[in-house]
Amino acid sequence: MKMVDEYRNPEQIRALSAGIRAAVGDRSYRFMEICGGHTHSIYRFGLNELLPDNIELIHGPGCPVCVLPIGKVDEALTLTNDPRVILCAFGDVMRVPGSKASPLEAKARGKDVRMVYSPLDALKLAIDNPDKEVVFFAIGFETTAPSTALTILRAAQLKVTNFSVFCNHVTVGPPIRSILESADLELDGFIGPGHVSAVIGTKPYDFVAEEFGRALVVSGFEPVDILESILLLVKMVNRGEASIYNQYVRAVKRDGNPAAVAAIQEVFEERPSFEWRGLGFIEQSAYRIQKKYREFDAEARFAIAEIRSPEPENAICGDVLIGAKRPENCPLLGVLCTPEQPVGALMVSSEGACSAYYTYVHRTLAAAKG
Amino acid sequence: MCLGIPGMVSRSEVGDRDFVEVEIASIRRMVHIGMLADSPIAVGDWLLIHVGFAIAKLPESEALSTIDFQARSGKDYREELDAFASLMEGEDRI
Ligand code: SF4
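So the sequence lines, in the order shown, correspond to chains X and W.
Residue numbering for the first sequence follows our numbering, starting at 1 and increasing by one per position.
Residue numbering for the second sequence follows our numbering, starting at 1 and increasing by one per position.
By construction, these hints were calculated from the structure, which means they are not laboratory data.
Glycine included, each C-beta is placed from N, C-alpha and C at the ideal position.
Fair warning: there could be bad hints in the mix.
[Claimed, not checked] Computed list of lysine-lysine pairs in PhoX-like fashion (alpha-carbon distance at most 25 Å, straight line): (1) X:111 - X:100; (2) X:235 - X:203; (3) W:57 - X:203; (4) X:203 - X:253; (5) X:253 - W:57.
[To be verified] Short derived list, chain W residues pointing at chain X, Cβ under 10 Å: (6) 12; (7) 32; (8) 62; (9) 65; (10) 66; (11) 77; (12) 80; (13) 85.
Pulled out of the complex, with its shape left as it was, chain W reads as follows (with noise of 0.2 Å):
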């Protein structure tokens, strides 16, 4: 749960300001922007995510480095994108 990864803005218009999607190993799903409320986010940009919130904006290339490090780093990266795929049915947003 410590982990922070790094995904991609794929959409930013979604209705409400508090949220964007955010695509990370091909699943998309929402992440709450609200930490990152002073800077302008657009689709894209590459944003730092943890539990389900975005608490920094990466240059794409430590995004990149980021998502290549973590591929190395074990069992528990991978599980970490299992749960963000996680609760995908439905609305997901809230």
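Bound conformation, chain X alone (with noise of 0.2 Å):
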């Protein structure tokens, strides 16, 4: 059990355990947080332990590395078969592994791939490499995309000629619909994302309480928040309240951020239809550069050919992503698939599941053992 006096905050932490333990009724209460900061700090944190056995938290498909299926790194790993091309992407993506490789062990047999903090990174080293084709991997939510589009708004400013985007970005709101939709997991509602949201505001949330009848409160990171979002939670649900509610608003506002979603809008449009590891393909779940663009779009410069690649054996990555099933119910974890040595994509970034099961709890518990 963790040592309430651990938290920065410990009067309130214990105030908000024992106002969830007196909200609490006699049934059960099965809540999923979408976003995988929000699945770290629970673990980090040991959260769970300061609630009740009524209440589960079931993990989402918030991690962007983890929801991008294998093919997709297998795609952009045959453009580094072009002696022209650098690879970049961000830290979290160089660890994923692809059917045949990760972008890191890629590079180390000679590709040049290259880890980036931000795109303007990329498009520095293109601006810097006039010879090279820069290609930069890109992924994220709504948190990242105005980002990407920025950059290409600069290399556009800038007339840079070498430098492209494999466009990856996903949309939080279809997954979230998608499973509701699937209806098999029973959920009475949903800790929202804090940093998407600052970008999206709440509105685009809207939908779950009108269509689907369930609570979300989108939620700060420290373990005070997501308490006394549980806690709202908690409360809607025995009133039979359907809401969205911002507990974020040091950071969220209900319209979003306008000019985040202004570069968006400007440089991108949704796809038709984007793979999803976990549940498959959901329509208008993802964006692609517009064709005004199109001269920075990697996929109309290269041709990128489009890879099914299937998950390795006994893996459960997807059904783990939806909330199907736990990391711990995974044969591998801790076995073959560990942080150092990852099989799947929820093992390699903080916001994993795996990884922050792996980290905060499977370590504790094999020590504990001996």
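Using the supplied hints, reconstruct the complex from the two chains, each of which is provided in its own coordinate frame.
Right, dumping it as structure tokens:
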């Protein structure tokens, strides 16, 4: 059990934990935290231990490296067969296993793959290497999509001709809808993502309440935020109320960030359909680059052929992603799949449910067993 | 990569209105402020930085409490700081 004194504000934590225990009825409560940042905080700070047994937290599909199908990594790596190409990716993406290699392994085998902190670093690399073709392997939800969009606008403004983006940006609403439509999970409500909502606001979640009668609380990332959001959800469920509530008012406004949304709308359009790991193809759930910025679209520039790659044997990444199974149900966890040697993407990023479970629960349990 | 980390504006007159210089844990770097185009930004302001872009302005108390929280949150936050510090040589602004 975590010592409550480990938290920055133990009194508040104690009060919220007691408040939740006092508020719960005889029924069970199933809440999904959509965002991997919340999953990380829940495991890191042992928040489950502060909750009564009849509240179950289910991890959702809000970790962008986790939802990327293996085939997309394979597609990106085919670009590196062209000796002119420098492929750039965020640090997390570098470690995502493709069917033959991760970007990092491809780099070790001599391919020109570089880790970047920002899409602007990839653009700078293009400016510094005019005889190369620099491709940024873009992933992320609406938090990251405006950054890619603004980078493309900057490339256009600077008339850079050797920079393009392999766009795999996705949107958070459609997978929530898909999970609600599948109905197997019998969720009572959602802990909504924080930073995504700083961009899109809270309006895009209205359908969760209006069409599906479920509650959603946009939450900050600190233990106090998450417990407060859970208390709000419990109270709403008890009252039979389905509303969208913003707990993270410090960073999130109802209308989000209009300049960020405008950048997305200027550069991207919705793809008719996009494949998600675990969820399959979901309509209008991802962005592609509009025709007017075609010269910055790696798909147009390099004619990237679609690759469909199977999941690794015995891995249950897809089921964990949609909350149908938990990390501890995977036979590979801690045996073949570890953060040092990940088999699935959920073990790569700190926001991945398997990585968070392995780091903060599995290792502790294993150490206790001796 | 999903983290937003708070940084304080250390220089706002950088000759390019799309960028300001931000300091995080003694590291300085240019960040793009195109998403905050409507709000004036001054030295000493706190911004939430994500992959080299400011995505929101933060009250100082919120920035300081987030920094404290992130410092307690394990190696991933340190890795984000390392990434922020990367590619610092030479011209750090596009
Ligand atoms: S432990 Fe590894 S293989 Fe199993 S579900 Fe998690 S990421 Fe996938």
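Structure-based check of all given hints:
For a cut-off of 25 Å, the pair hint linking residue 111 (chain X) to residue 100 (chain X) stands: about 13 Å separates their Cα positions. A threshold of 25 Å between alpha carbons decides the hint, and for residue 235 (chain X) with residue 203 (chain X) the separation of about 21 Å falls inside it, so the pair holds. Taking the CA atoms of residue 57 (chain W) and residue 203 (chain X), the gap is about 20 Å. The hint holds against a cut of 25 Å. Proposed proximity of residue 203 (chain X) and residue 253 (chain X) is supported: the alpha carbons are some 10 Å apart, at most 25 Å.
Pair hint residue 253 (chain X) plus residue 57 (chain W) holds up; C-alpha atoms about 12 Å apart against a cutoff of 25 Å. A least Cβ separation of about 17 Å between residue 12 (chain W) and chain X goes past the 10 Å threshold, and the interface hint is therefore violated. Annotation: interface hint on residue 32 (chain W) holds; nearest CB of chain X at approximately 6 Å, less than 10 Å. Interface restraint check for residue 62 (chain W): the shortest CB-CB distance to chain X comes to about 5 Å, inside 10 Å, so the restraint holds.
The closest approach between the C-beta of residue 65 (chain W) and any C-beta of chain X is roughly 7 Å, which is under the 10 Å cut-off, so the hint is satisfied. Against a cut-off of 10 Å between C-beta atoms, the interface hint on residue 66 (chain W) holds, since the closest Cβ of chain X lies about 8 Å away. Against a cut-off of 10 Å between C-beta atoms, the interface hint on residue 77 (chain W) holds, since the closest Cβ of chain X lies about 9 Å away. Residue-level restraint check for residue 80 (chain W) holds (minimum Cβ-Cβ distance to chain X is 9 Å; threshold 10 Å).
The interface hint given for residue 85 (chain W) holds, since its Cβ lies 8 Å from the closest Cβ of chain X, which is under the 10 Å cut-off.
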